[in-house]
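Asker: Next come the chains, spelled out residue by residue.
Number of protein chains: 2
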Amino acid sequence: MKLASLKCGRDGRLVVVSRDLARCVAAHEVAPTLQAALDDWAEAEPRLRAIAEQLDSGAWPGEPFDQTQAHSPLPRAYQWADGSAYINHVELVRKARNAEVPESFYSDPLMYQGGSDAFLPPRDPIVLRDEAWGCDMEGEVAVITDDVPPGVTSEQALGHIKLVMLCNDVSLRNLIPGELAKGFGFFQSKPPSAFSPVAVTPDELGAAWRDARVHLPLGIDYNGQPFGRAEAGEDATFSLADLVAHAARTRPLCAGTVIGSGTVSNKDADGSPGRPVNEGGLGYSCIAEIRTIETIRDGKPATDFMRWGDRVGIEMLDREGHSIFGRIEQEVVRA
Amino acid sequence: MKLASLKCGRDGRLVVVSRDLARCVAAHEVAPTLQAALDDWAEAEPRLRAIAEQLDSGAWPGEPFDQTQAHSPLPRAYQWADGSAYINHVELVRKARNAEVPESFYSDPLMYQGGSDAFLPPRDPIVLRDEAWGCDMEGEVAVITDDVPPGVTSEQALGHIKLVMLCNDVSLRNLIPGELAKGFGFFQSKPPSAFSPVAVTPDELGAAWRDARVHLPLGIDYNGQPFGRAEAGEDATFSLADLVAHAARTRPLCAGTVIGSGTVSNKDADGSPGRPVNEGGLGYSCIAEIRTIETIRDGKPATDFMRWGDRVGIEMLDREGHSIFGRIEQEVVRA
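Protein chains in written order, with the UniProt record's numbering: chain V, 1 to 335; chain H, 1 to 335.
FYI, nobody ran anything at the bench for these hints, they're computed from the structure.
Warning: the hint list may mix true and false statements.
Just so you know, same-sequence chains aren't split out, so a pair can sit in one copy or run between any two.
[Unchecked claim] Computed cross-link-like contacts, DSSO-like style, restricted to lysine-lysine with a CA-CA straight-line distance of at most 30 Å:
id, residue 1, residue 2
1, Lys95, Lys267
2, Lys95, Lys182
3, Lys300, Lys182
4, Lys300, Lys267
5, Lys162, Lys7
6, Lys95, Lys300
Take the sequences, apply the hints, and build the full model.
Answerer: Spelled out as structure tokens, the structure:
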């Protein structure tokens, strides 16, 4: 089942989307918003699935689904917590600032509490007041949970993952060192994130959903060129269920909690940190990584962070080449 | 005007509360929940004030207001960001771990993004799975904003502060050092916070609301004894408006954003870090501070963090001795 929130008020209008993303049907008889559906998921899910079956079988024609009219599936959420499952990314960004990766990072996930009060729609611009802040995209996989009790195991957490989507976790790289040095984590360096036009139930991923990981490449395009094709199922030290369990260790998670994977990042087959796409590698899901590679090779970065007019596209295709979640496509614009 | 959310579903049921906290009137004709009222505050505020006038004049009798039936004013919120306005607190907790206070902390506020998906009701227990986590209370002042555009000044931010309340920012002290060492800020060390039964508009504070600070003592009782009486208007390096502006520097804040002051903390009149209440001082709004004082004096802390059965009360009285926000009263209990 695929769900989206069409732009409407603060919380969008819930629709069920056809598997091919071509059509949709209003779901207001089940719930006005996705949050309302998640608040009573056991009741809402079978009714939404019944609509999806009618839509996918062609019994109901529905209306055309226009990704540009979609907000993030949860236009605002009660919780957004972003992990860092791909240690290759952590190793690279730390290498760029000459910092070691502590041994504990391989068993205890990094996670920060993000702002969730105002996500960007997936096709809306990233409004940047100051180019000197060093705007970067971060391509990620994210999940939405129902109510998670405190202290769940990873195995239990898996059953609480109700929807999967993609994320552009926008970061202001040049604000990060100063902010992390203060010791309280990210705040100003993490402006609103955007999520894919469509969120899907895990079963929609078929065999690509296993070990609480999505075993498909995450496509990142930058200014119209392929930039990243990293396998989201590879090199993830922690599964999405591990991250949910980490988040729930000392507290319950409310239905509608969004948990991110962190920037998807692969090592090269030979164990090296990974080549650019145009050199035959799998590339990168953020600019910080290619800058680190450039610094390692050439002594300094050559690729700028995003400037006004730069565009990022984030999409995941199934093995037959069909878009699963629709496409995040954002341009950085002046305030 | 005073507002509360009676326990009902996930988001409570909005009521207008009389100035003396004795009575209340349902406000569902204006908005079903406080979040809904904040989402359209310009429309909702005058209608809620009209109800408050009828209630306070005695024209409407209302029904009895029972603080034990109140949830936090926002039972869950789209954003909770906690500052650290009282540098005395920062100096003390850093002294306890032999860390310096950087000079920038006196001009650039500390702030962390907190979990906002599931606040505790103000009279509900703090469920603690493991006493070894080092449970502490933190008494704070908090504000709720309407929509705040990015990049506002402190002066502009002041006008976006719509409601004021108290907070018990529950902390798991023994999880903090390890978590902060990872560099991404608090997560597991900050289980759900609780807020006072009632949130009030700033005008309700009269002359005590000036410079975007609340000039009244914050009463903290611990196991039935006075523990803290710090003046919330004193020693606040940053005003609540400064903290809102800090939060909004690179992003908009959605209506219903909750911003906390950090633990209220005063120096002694002679500039020393402050004596306990039973020694004639203003005491402390958290246990970590008295432990630091004990460590400075005696080489080691004598007061334990909260254990199962310990109780904290947080309340603020006006200069005539009347409770403004109602009382937070929580017992730590075993899971």
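Asker: Taking the hints in turn, state whether each one holds.
Answerer: Hints, verified against the model:
In this homomeric assembly, lysine 95 and lysine 267 come within 30 Å of each other (Cα to Cα) only inside a single copy, at 14 Å, whereas the closest approach across copies is 42 Å. For the homomeric pair lysine 95 and lysine 182, the shortest alpha-carbon distances inside one copy (20 Å) and between copies (16 Å) are both at most 30 Å. For a Cα distance limit of 30 Å, the shortest separation of lysine 300 from lysine 182 qualifies both inside one copy, at 26 Å, and across copies, at 27 Å. In this homomeric assembly, lysine 300 and lysine 267 come within 30 Å of each other (Cα to Cα) only inside a single copy, at 21 Å, whereas the closest approach across copies is 48 Å.
In this assembly of identical chains, lysine 162 and lysine 7 lie within 30 Å of each other by CA distance both inside one copy and across copies; the values are 22 Å within and 27 Å between. Taking the shortest alpha-carbon separations for lysine 95 and lysine 300, only the intra-copy value of 13 Å comes in at or below 30 Å, while the best inter-copy value is 39 Å.
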